[in-house]
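Enquirer: Please put together the full structure from these sequences, using the hints given.
Chains as they are written, first to last, in numbering that gives the first Met the number 0: chain A, 0 to 306; chain B, 0 to 306.
No lab work stands behind these hints, which were simulated from the structure alone.
You may find that some hints are simply not true.
Copies of the same chain look alike in the list, so a pair counts if it fits in one copy or across any two.
Below, simulated SDA-like cross-link-like pairs (lysine to any residue); rule was C-alpha separation at most 20 Å, straight line [what the hints assert, rightly or not]: (1) Lys107 <-> Gly48; (2) Lys295 <-> Leu223; (3) Lys295 <-> Asp252; (4) Lys185 <-> Gly214; (5) Lys185 <-> Ser109; (6) Lys295 <-> Ala254; (7) Lys107 <-> Gln134.
Below, each chain spelled out in residue letters.
There are 2 protein chains.
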Amino acid sequence: MSLTVVGSIAFDAIQTPFGERERALGGSAVHFSLAASYFTEVRPVGPVGDDFGDAEYEALHRHGVITDDIERVEGGQTFFWSGKYEWDLNTAHTLDTQLNVFGEFEPKLSDASRDCDLLFLANIQPDLQRDVRGQCGGVQIAALDSMNFWIESARESLIQTIGEVDMVLMNDAELRMLTEEPNLVKASAAVRAMGPRVVIAKQGEYGAALFTEDGFFALPAYPLETVRDPTGAGDSFAGGLMGYLDSHGGASDDATLRRAMTYGSTLASFWVEEFGCERAEQLTRDDIDERYEQFKRITAIDSVPTT
Amino acid sequence: MSLTVVGSIAFDAIQTPFGERERALGGSAVHFSLAASYFTEVRPVGPVGDDFGDAEYEALHRHGVITDDIERVEGGQTFFWSGKYEWDLNTAHTLDTQLNVFGEFEPKLSDASRDCDLLFLANIQPDLQRDVRGQCGGVQIAALDSMNFWIESARESLIQTIGEVDMVLMNDAELRMLTEEPNLVKASAAVRAMGPRVVIAKQGEYGAALFTEDGFFALPAYPLETVRDPTGAGDSFAGGLMGYLDSHGGASDDATLRRAMTYGSTLASFWVEEFGCERAEQLTRDDIDERYEQFKRITAIDSVPTT
Chain A
0 MSLTVVGSIA
10 FDAIQTPFGE
20 RERALGGSAV
30 HFSLAASYFT
40 EVRPVGPVGD
50 DFGDAEYEAL
60 HRHGVITDDI
70 ERVEGGQTFF
80 WSGKYEWDLN
90 TAHTLDTQLN
100 VFGEFEPKLS
110 DASRDCDLLF
120 LANIQPDLQR
130 DVRGQCGGVQ
140 IAALDSMNFW
150 IESARESLIQ
160 TIGEVDMVLM
170 NDAELRMLTE
180 EPNLVKASAA
190 VRAMGPRVVI
200 AKQGEYGAAL
210 FTEDGFFALP
220 AYPLETVRDP
230 TGAGDSFAGG
240 LMGYLDSHGG
250 ASDDATLRRA
260 MTYGSTLASF
270 WVEEFGCERA
280 EQLTRDDIDE
290 RYEQFKRITA
300 IDSVPTT
Chain B
0 MSLTVVGSIA
10 FDAIQTPFGE
20 RERALGGSAV
30 HFSLAASYFT
40 EVRPVGPVGD
50 DFGDAEYEAL
60 HRHGVITDDI
70 ERVEGGQTFF
80 WSGKYEWDLN
90 TAHTLDTQLN
100 VFGEFEPKLS
110 DASRDCDLLF
120 LANIQPDLQR
130 DVRGQCGGVQ
140 IAALDSMNFW
150 IESARESLIQ
160 TIGEVDMVLM
170 NDAELRMLTE
180 EPNLVKASAA
190 VRAMGPRVVI
200 AKQGEYGAAL
210 FTEDGFFALP
220 AYPLETVRDP
230 TGAGDSFAGG
240 LMGYLDSHGG
250 ASDDATLRRA
260 MTYGSTLASF
270 WVEEFGCERA
280 EQLTRDDIDE
290 RYEQFKRITA
300 IDSVPTT
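Expert: So this is what it looks like as structure tokens:
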């Protein structure tokens with residue numbers, strides 16, 4: 000099994016009440032890949048510039064991420080985002096965005112990337128997402144993320160792309176915005192009516208909810224005393240989730256999806272404890288499995304024995 | 000076992016996108032009592048005016064609510080609130096508040112009310128809450144709710160009252176506001192440091208979280224396609240929770256609290272399906288138990304068998 004993700008590869012300048020970084024490795028494809036790397040072989044697809052150097056490749060290789068489809072554009076600069084979070088960490092204010100090589104990105108997938116079993120279309124322009132979806136005809140599960148910017152500026156294209164995937168992972172506010180339906184149960188049903196079998200609503204500090212033909216599942220977020228930087232939370236959630244599914248043969252029954260969401264939330268909970276993707280440097284699969292078990296205990300209405 | 004609640008008894012004029020009522024029976028003590036009535040004997044304490052008539056008493060008596068401590072003020076008018084909810088039902092805009100008899104309220108508890116096993120101090124002025132707490136020296140569990148208005152206008156009194164109860168049930172935003180701590184885990188720890196053993200954070204459409212010495216529990220809200228009126232959601236949650244605890248001998252270990260929160264959330268989920276407390280007219284204990292079981296299934300990471 001293998002997993003391909005198309006998305007941004009970036010340097011981020013981040014300010015939060017708990018510190019700052021001037022040039023942190025980031026971008027949706029990076030956060031996703033590092034989180035998924037704990038479960039499976041993952042290939043990020045995206046462009047970088049000359050400034051993307053050995054240290055950055057090494058950070059990915061240490062986690063077994065296959066970087067063959069990272070396209071290095073001669074003379075270009077890597078996508079750059081600068082943002083600042085307020086005291087409650089809920090809102091990111093963008094200070095600067097430099098698309099750089101990402102502005103001219105035309106995804107060209109290698110045979111190995113196209114032959115993936117699972118495909119994740121991270122939050123990029125929906126025409127590009129659909130292009131990549133078309134290149135990967137044989138995947139078992141294609142999933143996508145999107146955001147308010149594309150809902151406003153490329154709504155019809157986004158809806159068309161949603162019609163070609165199996166699973167949608169979006170923030171609950173954006174599911175409501177896309178469907179113009181304030182009730183989340185109805186909004187998710189409306190997105191499922193566009194084509195996907197599975198809708199997963201990300202709810203930030205409140206967790207995530209799953210909507211399928213068979214029913215509903217809701218998972219709170221893991222309670223954290225220390226949250227330093229929420230950047231990458233959604234992408235690490237998606238990476239953990241898709242990585243888990245890929246490592247389980249691409250199953251997508253409700254029981255497997257529930258466990259996958261819990262692994263996704265576990266990854267996200269670690270991710271926000273440090274800036275950017277720095278937490279991955281000190282994170283082991285054992286840590287992840289331990290917190291996963293803890294997750295089961297803190298959500299069980301009838302308490303789960305701790306032994 | 001028996002349960003006393005002190006709080007408002009009101010007529011509400013409510014507008015939501017799904018309809019309106021000009022004069023719905025309401026108030027925190029009413030919503031709480033009707034929800035708790037499915038589990039135990041409950042005595043609301045609060046003032047009403049001449050306009051509170053047979054129909055209102057009958058609505059309470061049908062549920063076995065003991066109305067001996069509802070103080071009828073001759074020549075007075077019952078507390079009146081008028082509010083309007085926006086399309087997403089998240090924010091209530093108060094259009095009018097007439098305190099009427101509630102403005103001069105001095106809680107005088109009967110012996111039977113004072114001898115309760117569990118006591119709930121609904122959201123009223125914290126001096127009054129503390130007065131009632133003092134009258135009920137022998138209770139097993141005293142719990143309180145409060146709101147931003149008292150945090151701003153009577154902060155020291157509220158903190159003193161919190162120091163005299165065992166359990167605090169408040170909205171998560173208000174726990175943050177009270178403690179000036181944006182992180183909910185830390186905010187709840189800060190409230191527990193004021194005295195209470197148990198803090199329960201209400202999170203509206205996202206559910207609720209429990210903080211005790213022994214740990215953490217998080218419960219999502221029950222997914223609803225039909226939400227007509229959120230008025231009384233928090234009070235019916237508290238009523239179901241405290242009613243369940245009272246019917247279980249006033250136990251407050253974590254396992255019992257988890258089940259009590261789930262019953263509270265179940266009651267709240269029914270409550271918002273109709274205006275005011277109208278849902279109680281058609282609600283049976285069997286309905287409640289059935290949704291409680293459903294709650295276990297939709298929150299179980301490892302699926303619970305449906306048989």
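Enquirer: Run every hint past the structure and note whether it holds.
Expert: Tested hints:
1. For the identical chains of this complex, Lys107 and Gly48 are intra-copy neighbours only, at 16 Å inside a copy versus 75 Å across copies, given an alpha-carbon limit of 20 Å.
2. With identical chains, the CA atoms of Lys295 and Leu223 are at most 20 Å apart within one copy only, with a shortest distance of 15 Å there and 24 Å across copies.
3. With identical chains, the CA atoms of Lys295 and Asp252 are at most 20 Å apart both within one copy (19 Å) and between copies (19 Å).
4. For a Cα distance limit of 20 Å, the shortest separation of Lys185 from Gly214 inside one copy, 13 Å, qualifies, whereas the shortest one across copies, 34 Å, does not.
5. In the homo-oligomer, the alpha carbons of Lys185 and Ser109 never lie at most 20 Å apart, since the shortest distance is 39 Å inside one protomer and 48 Å across protomers.
6. In this assembly of identical chains, the alpha carbons of Lys295 and Ala254 lie at most 20 Å apart whether taken from the same copy (14 Å) or from different copies (14 Å).
7. Taking the shortest alpha-carbon separations for Lys107 and Gln134, only the intra-copy value of 9 Å comes in at or below 20 Å, while the best inter-copy value is 75 Å.
Consistency with the previously given hints fails for number 5 only.
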